[in-house]
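Student: Sequence:
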Amino acid sequence: MTSRRRRAAALLLGMAALTCGCGAAEAETPRAAAGAHLGEHAGDGHHHAVPHLLNATDSPTVGAIVTDVKGFTLYRYDKDTAIPPATRCTDRCTDKWQPLLADRHMHGHGVHPELVGKVRRPDGSWQATLAGHPLYRYRGDTNPGDINGHGLGGEWYAVTPSGLKAPSAPGDTTN
Numbered sequence: 000m001t002s003r004r005r006r007a008a009a010l011l012l013g014m015a016a017l018t019c020g021c022g023a024a025e026a027e028t029p030r031a032a033a034g035a036h037l038g039e040h041a042g043d044g045h046h047h048a049v050p051h052l053l054n055a056t057d058s059p060t061v062g063a064i065v066t067d068v069k070g071f072t073l074y075r076y077d078k079d080t081a082i083p084p085a086t087r088c089t090d091r092c093t094d095k096w097q098p099l100l101a102d103r104h105m106h107g108h109g110v111h112p113e114l115v116g117k118v119r120r121p122d123g124s125w126q127a128t129l130a131g132h133p134l135y136r137y138r139g140d141t142n143p144g145d146i147n148g149h150g151l152g153g154e155w156y157a158v159t160p161s162g163l164k165a166p167s168a169p170g171d172t173t174n
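Numbering follows numbering that gives the first Met the number 0, with no gaps: position 34 of the sequence shown is 33.
By construction, these hints were calculated from the structure, which means they are not laboratory data.
Treat each hint with caution, since some may be false.
[Unchecked claim] With beta-carbon atoms standing in for the labels, derived distance ranges:
1) Pro121 - Gly152: 14 to 24 Å
2) Pro121 - Glu154: 29 to 39 Å
3) Gly62 - Pro121: 25 to 35 Å
4) Glu113 - Arg91: 14 to 24 Å
5) Pro121 - Asp57: 12 to 22 Å
6) Gly144 - Gly123: 31 to 41 Å
7) Lys78 - Asn147: 30 to 40 Å
8) Thr56 - Glu154: 32 to 42 Å
[To be verified] No farther apart than 30 Å at their CA atoms in a straight line, the calculated lysine-lysine pairs in the BS3-like style are these:
9) Lys164 - Lys78
10) Lys164 - Lys95
11) Lys69 - Lys164
Just so it is clear, CB atoms sit at the ideal spot from N, CA and C, and this is done for glycine as well.
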């Protein structure tokens with residue numbers, strides 16, 4: 000069995016386990032205090048299937064972007080690194096840019112599963128990544144679909160489903 004088929008089989012098994020709620024617990028789980036918690040608990044002590052963590056959607060302003068489970072735009076930061084994944088937005092930076100904390104049930108809709116990952120933050124929590132880029136929500140986005148953080152400081156950009164910076168306008172290839 001090829002590596003690609005093994006990964007596909009593992010993904011299908013994981014999705015089946017998630018659906019029935021019988022998946023094994025991961026040894027390292029994120030702490031919710033530093034950012035947006037993404038899991039859904041039913042109050043009965045069981046972790047149930049959650050909506051897609053990362054969702055590809057179309058923005059009328061910049062074209063294809065990725066949003067979180069609540070429809071808020073996700074961003075990448077130019078000072079972070081993708082290879083190896085590392086976050087540089089810490090301390091006061093997180094006052095405006097909320098790290099998207101990883102969940103053990105990370106998956107996406109319209110986002111290639113092999114691009115979805117996580118990186119350990121300096122505080123020990125796990126942050127979701129796309130193509131190695133740590134993901135953030137901008138606190139200035141008050142409604143789902145807002146894209147107020149795009150281009151801020153020339154360092155923050157809405158992220159596309161492939162992990163690239165969203166362009167300034169749909170069809171723009173200069174970014």
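Student: State the violated hints by number, sorted upward, taking the hints as numbered earlier in the document.
Tutor: Failing hints, ascending: 2, 4, 5, 7 and 8.
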